[in-house]
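*Asks:* Listed below are the residues making up each chain.
Number of protein chains: 2
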Amino acid sequence: MKIALAQLNYLIGDFEGILQKMGNAVARAKNAGAGMVVFSELSICGYPPLDLLERADFVEKSSQYLQKLADNIDPGIGVLAGAPEFNQGKKGKLLFNSAFFLFGGEIRQVFRKALLPTYDIFDEYRYFEPGREFNILEFGGVKMAVTICEDLWDEQPFENQFSRKRLYTLNPLEELSRYGPDVIINLAASPFSHRKLEVKQSIFTGKAARYGLPLLYCNQAGAQTELIFEGGSMAIDREGRVVRRLGFFREDFEVIDLEALSTRKMEPRQGEIPDRIGMIADALVCGIRDYFGKLGLKDATLGLSGGIDSAVSLVLATEALGAEHLHVLLLPSQYSSEHSITDSVELSENLGVRYDILPIEEVFNQFRKRLEPLFGELPEDITEENIQARIRGVMLMALSNKFGHILLNTSNKSETAVGYGTLYGDMTGGLSLLGDVYKTDVYLLARYLNRKRPAIPENILSKPPSAELKPGQKDEDSLPPYDLLDRILEAYIEKQLPPDEVASLGFDRDLVERVIRMVNLNEYKRYQTPPILRISSKAFGVGRRIPLVARY
Amino acid sequence: MKIALAQLNYLIGDFEGILQKMGNAVARAKNAGAGMVVFSELSICGYPPLDLLERADFVEKSSQYLQKLADNIDPGIGVLAGAPEFNQGKKGKLLFNSAFFLFGGEIRQVFRKALLPTYDIFDEYRYFEPGREFNILEFGGVKMAVTICEDLWDEQPFENQFSRKRLYTLNPLEELSRYGPDVIINLAASPFSHRKLEVKQSIFTGKAARYGLPLLYCNQAGAQTELIFEGGSMAIDREGRVVRRLGFFREDFEVIDLEALSTRKMEPRQGEIPDRIGMIADALVCGIRDYFGKLGLKDATLGLSGGIDSAVSLVLATEALGAEHLHVLLLPSQYSSEHSITDSVELSENLGVRYDILPIEEVFNQFRKRLEPLFGELPEDITEENIQARIRGVMLMALSNKFGHILLNTSNKSETAVGYGTLYGDMTGGLSLLGDVYKTDVYLLARYLNRKRPAIPENILSKPPSAELKPGQKDEDSLPPYDLLDRILEAYIEKQLPPDEVASLGFDRDLVERVIRMVNLNEYKRYQTPPILRISSKAFGVGRRIPLVARY
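If you read the protein sequences in the order shown, they are chains R and S.
All you need for our numbering is the position in the first sequence, starting with 1, plus 3.
All you need for our numbering is the position in the second sequence, starting with 1, plus 3.
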């Protein structure tokens with residue numbers, strides 16, 4: 004039998020659109036001679052629907068559209084689609100996270116997710132009761148072990164450094180293997196994380212090899228607000244070789260000959276995982292494109308400071324949205340250097356993006372005059388720096404309000420971590436592009452993007468970073484050098500190492516404590532940042548929940 | 004035996020301070036002749052520690068301080084204290100949420116929470132493995148069924164309107180009742196919700212009556228960022244009568260004679276639950292006080308608009324922090340009415356709060372001038388309204404930055420729900436006081452507060468609400484009347500009813516759809532609001548997770 008992997012990009016809750024899209028994929032599979040199509044997890048409604056799952060009408064609509072899908076498609080082809088299912092038992096959570104087998108115009112069989120990720124960005128136990136019955140799908144003379152995403156991740160140790168304990172007490176594949184399956188199928192919704200692609204692949208190849216079974220893995224593609232799903236669905240043979248991999252960050256479709264896969268007659272293609280920085284760039288472009296596309300928006304703005312972050316943001320946004328949909332502002336103050344403006348102009352012109360220059364000095368002076376009765380003879384301090392940043396925020400939001408351009412936030416992860424930014428100033432925007440990218444990676448991104456299209460002036464790449472909010476200011480007056488800072492931050496935030504262990508990696512103990520103090524003191528600022536496109540295993544936002552009020 | 008209920012207010016992660024506080028309570032209990040002291044859930048570190056539980060050092064420190072507590076206290080008194088416990092098993096989540104019995108300088112016994120709330124603001128399955136072994140505490144000749152908070156909530160139906168299913172598959176008390184206990188003990192961390200106090204009480208009185216056992220319930224008191232714990236610990240007799248209730252929203256301590264409780268010799272006191280609006284007022288004052296107190300902050304600012312929301316916010320803040328710690332700004336524009344200023348001045352003077360009047364017209368004109376090259380001859384619209392709101396945000400944050408006054412946000416729940424507010428304008432602040440209080444309740448709060456201390460001028464109470472951002476503007480030009488709006492919002496947000504069912508409560512179908520559309524379109528604004536003091540069963544913020552990008 005031939006099985007099609009339909010890797011689609013879903014707009015959550017767009018039942019009609021999704022039905023159409025899935026129906027088209029089934030028709031395409033039928034035409035290609037496939038006997039079956041596999042979609043991704045919760046495909047009927049898109050993943051993650053979050054608290055929409057608490058709405059009866061949402062779950063009922065999911066069920067209706069699942070039935071519509073069964074009704075609409077060719078009755079001679081089998082389909083595995085994901086959907087929430089009401090738990091009909093008298094006790095337990097309201098729903099199961101299920102995969103349904105459709106055939107002959109009917110919903111034939113159901114498979115329930117047993118391992119429910121409830122960590123980082125995942126909250127599945129909030130909604131779902133774990134499946135506790137295991138059954139096999141027999142179709143077209145093939146026995147299939149149908150699993151849903153995390154079901155194959157039972158061997159995953161806690162992300163945490165201090166335990167090698169297994170997170171789950173159950174191994175669904177072990178249960179299913181009793182039925183003597185011929186193939187493992189996995190419907191997934193597995194988000195991108197730039198250092199986890201190898202891990203993810205090894206989970207699946209390991210299972211295939213251990214059980215001596217071919218494995219078909221279908222992931223969703225595209226971004227859901229901050230989460231970016233890379234796609235990269237795979238066909239893996241029984242030796243654990245990836246023989247087919249579907250595209251990254253886009254919809255894709257491939258028909259796999261199960262017999263060829265099972266008998267190791269398929270020659271591997273696309274075994275390599277692309278370069279890390281290139282993947283990050285593609286992920287971010289996908290994240291921007293889907294945020295706008297799914298909300299029905301077209302136009303964006305941002306403030307070009309002359310620095311590397313806004314430059315990289317603009318290049319990414321231009322790639323995602325098209326130069327004609329960008330309109331940026333240069334908002335120099337009396338402290339802005341000449342080259343900040345000339346570099347920004349050059350960048351805009353290289354990209355063909357409309358820009359305007361609106362100096363903020365007069366507004367700034369007016370604010371100062373107005374605040375004089377309050378401030379009297381007090382010396383200038385961070386207050387005046389913040390006022391400038393906030394004036395820029397007001398200007399950018401004015402353009403956004405008047406013309407409907409969504410403001411893109413350009414803060415990077417390093418400064419977001421240590422609070423080197425102004426709330427309601429440069430921390431504004433509808434979407435943060437680089438809030439999960441450390442400054443050192445922003446530089447690597449810039450060079451990568453410039454290799455594809457040399458748009459960012461060399462001077463932006465080479466000059467020392469500065470907020471230019473007071474005379475002669477440099478980031479490194481307030482912060483450690485970024486190569487040092489970023490490694491400390493990664494150890495503390497991604498690896499969650501305690502201060503002692505961070506220091507033991509070879510950093511000065513006082514510096515480590517200073518950095519950690521800055522991170523902890525600025526939780527309140529991050530509480531109010533825009534959604535951040537997530538590319539790491541621990542991004543600021545929904546996946547990281549730290550008390551604002553604590554002494555630790 | 005006499006048992007002390009020690010209802011304390013914890014600063015999360017302040018191990019040294021907590022140790023002291025718990026030690027003092029044990030000493031006090033000893034002096035009062037108690038044989039045992041009961042603290043609340045996770046008392047050793049404070050609840051909820053959130054992702055601090057993912058840090059090995061945090062959990063290890065919890066264990067160390069639990070041992071220190073055992074070492075420090077009188078060895079002749081028993082103590083039940085809550086703490087995270089490492090799961091020593093090879094599989095499963097890293098931790099248990101446990102209660103430890105300390106006696107004779109030792110940790111004697113452990114009791115593990117079996118029911119882990121994972122809904123609304125609770126994420127316990129994120130951290131904890133459920134306890135699956137049940138054992139009894141025998142101490143001083145008494146058999147005690149030790150439970151932790153949710154363990155007694157097994158009969159709780161899903162909050163959701165569309166299921167009367169039981170949320171849990173297990174009843175811990177049923178398991179424990181096999182040992183023939185003499186008393187039920189519950190260590191809790193149960194947050195306030197203004198319509199749930201009766202429900203909460205009936206859960207405990209119901210258990211006591213059903214099992215014919217007296218029940219001692221110890222809750223924590225005080226606020227943890229947005230969550231406010233009301234305290235209100237109880238002693239309930241075996242007939243299910245509340246015979247003692249500890250104070251609301253404050254630390255409290257009471258010694259209960261278990262024999263008197265068991266033999267129904269205690270006369271009930273404090274059976275009544277106070278007035279709803281009074282409880283909300285007390286909750287909010289507690290929320291403000293603890294936010295500031297626990298962060299070591301003293302001073303606050305806010306913008307007085309002449310409207311009811313900022314007036315009520317100021318009265319609450321003054322009660323929480325003291326008039327000498329407030330410094331408010333009046334920021335009139337050309338559209339502000341005369342009475343907005345005079346009413347605000349009168350309010351400030353009634354309260355004895357420092358105020359300054361800083362007109363924003365000149366700054367606003369400067370912004371308009373600066374934006375002219377971009378906006379040309381385009382008519383004024385919401386953009387210009389937002390600029391005014393944002394200028395006020397900049398002014399207030401300038402005062403905050405210069406003098407260290409934390410900006411309090413004064414938006415109410417009705418406007419937050421429908422997006423009737425300006426991001427980075429009136430939606431700024433470190434803490435939102437009224438973001439979970441509907442406008443109609445804000446009025447009730449105002450009247451309640453004025454009865455205690457007539458500070459809010461009658462004109463503020465009686466004039467029609469207006470944002471005063473353009474000539475003659477009234478809220479009801481853009482929004483339905485608040486008494487209507489609030490009931491629709493409550494049905495949609497708290498009760499999660501689908502549009503049809505909201506309408507069937509007696510509202511116009513088109514109006515319902517318009518309101519729901521406004522709610523859904525403004526998720527992006529709420530993503531960036533400050534933490535909101537939670538007083539309802541469904542507040543905007545951590546307990547409500549709706550996709551920003553969706554079509555539903």
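It is worth saying that the hints were derived from the structure and are not from the lab.
Some hints here could point you the wrong way.
Since the list gives no way to pick one copy over another, a pair counts as held whenever it fits inside one copy or between any two copies.
What the hints assert, rightly or not - Each computed PhoX-like pair below joins lysine-lysine, with the alpha-carbon atoms no more than 20 Å apart:
hint	residue 1	residue 2
1	268	33
2	93	64
3	498	473
4	528	405
5	466	405
6	528	301
7	93	405
8	71	33
9	528	372
10	473	71
11	405	168
12	477	466
13	473	372
14	5	168
15	405	372
16	5	528
Keep in mind the model is a prediction, meaning the values are calculated, not measured.
*Asks:* Which numbered hints does this structure break?
*Replies:* As far as the earlier hints go, 1, 2, 3, 5, 7, 9, 10, 11, 14 and 16 are violated by this structure, in ascending order.
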